[in-house]
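Start from chain A and add chain B according to the hints.
Line order of the protein sequences matches chains A and B. Just so you know, my numbering puts 43 at position 41 of the first sequence, and the rest follows in order with no gaps. Just so you know, my numbering puts 232 at position 230 of the second sequence, and the rest follows in order with no gaps.
Hints are not guaranteed to be accurate.
[Stated by the list, open to error] Derived lysine to aspartate or glutamate pairs resembling EDC-like cross-links, with alpha carbons at most 20 Å apart: (1) B/Lys167 to B/Glu189; (2) A/Lys266 to B/Asp60; (3) B/Lys266 to A/Glu108; (4) B/Lys299 to B/Glu205; (5) A/Lys266 to B/Glu189.
[To be verified] Coverage of chain A stretches by chain B, computed from C-beta distances (three or more under 8 Å per stretch; other residues unrestricted): (6) 59-66; (7) 81-88; (8) 226-237; (9) 295-309.
[To be verified] Here are a few chain A residues that sit away from chain B, every Cβ distance over 12 Å (derived from the structure): (10) Asp202; (11) Glu220; (12) Val261; (13) Asp262; (14) Ile263; (15) Glu283; (16) Thr286.
By construction, these hints were calculated from the structure, which means they are not laboratory data. From a predicted model like this one, the values you see are computed outputs, not experimental measurements. Using N, Cα and C, we set each Cβ at its ideal position, and we do this for glycine too.
2 protein chains.
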Amino acid sequence: MKYQAIKLVRRPVGDITSDIFERVELETPALKDGEFLVRQTHMSLDPAMRTWLQDNEDSYIEPVRPGDIMRAYGIGDVVESRNPAYPEGARVVGVTGWAEYTLGGEDMQVVDRSVDIGALMSVLYVPGLTAYVGLIKVGRPVSGETMVVTGAAGSVGSLVGQMGKAEGLRVIGVAGSEEKCRWLEEELGFDKALNYKDPDLGEQLAAATPDGIDLYFENTGGPIQKLAFDRMNRLGRMVVCGNIAEYNNDVPTPGPSWVDINLKALRVEGFVITDHYDKAEESTLAMMGYLQKGQIKFRSHVLTGLDSAIEGVQLLFSGQNQGKLYVEL
Amino acid sequence: MKYQAIKLVRRPVGDITSDIFERVELETPALKDGEFLVRQTHMSLDPAMRTWLQDNEDSYIEPVRPGDIMRAYGIGDVVESRNPAYPEGARVVGVTGWAEYTLGGEDMQVVDRSVDIGALMSVLYVPGLTAYVGLIKVGRPVSGETMVVTGAAGSVGSLVGQMGKAEGLRVIGVAGSEEKCRWLEEELGFDKALNYKDPDLGEQLAAATPDGIDLYFENTGGPIQKLAFDRMNRLGRMVVCGNIAEYNNDVPTPGPSWVDINLKALRVEGFVITDHYDKAEESTLAMMGYLQKGQIKFRSHVLTGLDSAIEGVQLLFSGQNQGKLYVEL
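Bound-form chain A, shown alone (with noise of 0.2 Å):
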């Protein structure tokens, strides 16, 4: 059988561009044991993808050679199986690629069929596990404090956002528009939300922030992440999730001084989400009880058909998507 993928042919030199991909097509293979055959059905487009391109070997995920199909996060359905964990029928969840057909692999998840596409996107897989590890494990926010959290209208910014207010945060969100800040303020019960477009996002952050700044959620990078360090209070903890804005420069952007890390006893702490995998259950069951408990929305930006992958995931730079953006395929 006949199908169509999307392949990498160089990296990208700053931006991402519609000319590194290439669409081919393929043929899918006939199944050994154990193997079977994933007919995508919803395919996931990240801001980590950025990082998946650069040619870092000392990364946490293998880098996406020239050559190969683009790796994606996917939702599929098995249509042929030699393995009877996964059977003919079952949805499956797990690292695909930019392809109508994947062959699926042990780390595939098999999730029910009753489950919501938009819920399951949005909020319960990788952009959940990435707001449950982040908040819970790693910024391990207690009631009262102040956090704020940057890329605040995303995928994940908006999940931590919520699920902050449901721990007894104030939190203020950090996004790039008028528009996405009243969806925050408006919809998802942040107590502030600031444009960094703002040329005066300095004395902003300041007035929302009079007790200063317990817990910071990094997504973006950029002017902010000084900003916030400088507000930041003692025994603070800065959770390091993201630095979208620093993905396409080829010099990055240096940090803070680290003298207020010690003399504030702060704690910058990085993770990603391939470490914590074992934590998919937990995560599912947190997220599950936030959900049904009416502590979070979730809003969807769905794109049609493979092809809308290429241009669509550059608007994960620009800042442009509303919500958790993913393709239909």
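Chain B alone, transformed into the frame defined by chain A:
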């Protein structure tokens, strides 16, 4: 009874200079119930003193203000007491000041008179608690890992490196002279010592850490910070104990970009011992254990007379002290 003390008269601009201090004569007070009078016998000089002099109300400890007696940690004898927990003749350690006498506080600890003063000052008290908390509690070393420690010939760094060896680490020390490097390698058993003044420090560090760095213990700041950062392994820890190279700068040098903190899942964590006094007993036991097994050697740099502190404290910032610096009164 009259006694000598040294006051801060103005904050330093850049380096500490003698003219920011002034000698004064004071009179010991009459004791109220619960009070006790301590004649200081040994006074510790520590790099942290530079940060106490800064006009930084956000710091972990109240700044010393012009007009105040300069703060110190010290050892002394109770010479008069109206507090049964601190009887006359007891030896105590705690926060004293640059003064021959001081009113004791409830935060002082009585210590056994049989303990060697050099060991108490150099291994068991301030540097020991700092090294113990920083390496064991914050750094969480795992046998077989590679550690780089800066300020390695200093009071804290020399303990951290030797404790690292005792815990099964490969230990690379960074210090500021050939003599110090020889001492680290030949006397203290460091696997390698590097002189940060060598122009090819980066190449030397790379050669000394062929498997990368798992644990970085920062006492100094300076260019070594970024060189080490770039060699950190995934899930590495960077313990920020001090930044002595930065204390005399008005505008501290920026730190490394946070992109790799995310991609390598690094933890950069600062600490100050005032948050960890509750671990003093645990720390003393652990440090006594290392001493008894012959795993820790120390050297003390002893000055004489209260006045010697004024010039003596500057040795810490020029790197000219050889071992733990303290004053015998």
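A quick look at each hint next to the structure:
no.: 1; hint: B/Lys167 to B/Glu189; in the structure: holds, 13 Å
no.: 2; hint: A/Lys266 to B/Asp60; in the structure: holds, 7 Å
no.: 3; hint: B/Lys266 to A/Glu108; in the structure: violated, 25 Å
no.: 4; hint: B/Lys299 to B/Glu205; in the structure: violated, 30 Å
no.: 5; hint: A/Lys266 to B/Glu189; in the structure: violated, 35 Å
no.: 6; hint: 59-66; in the structure: holds (count 3)
no.: 7; hint: 81-88; in the structure: violated (count 0)
no.: 8; hint: 226-237; in the structure: holds (count 3)
no.: 9; hint: 295-309; in the structure: violated (count 0)
no.: 10; hint: Asp202; in the structure: holds, 22 Å
no.: 11; hint: Glu220; in the structure: violated, 7 Å
no.: 12; hint: Val261; in the structure: violated, 5 Å
no.: 13; hint: Asp262; in the structure: violated, 8 Å
no.: 14; hint: Ile263; in the structure: violated, 4 Å
no.: 15; hint: Glu283; in the structure: holds, 21 Å
no.: 16; hint: Thr286; in the structure: holds, 22 Å
Violated hints, listed in ascending order, are 3, 4, 5, 7, 9, 11, 12, 13 and 14; each of the other numbered hints is respected by the structure.
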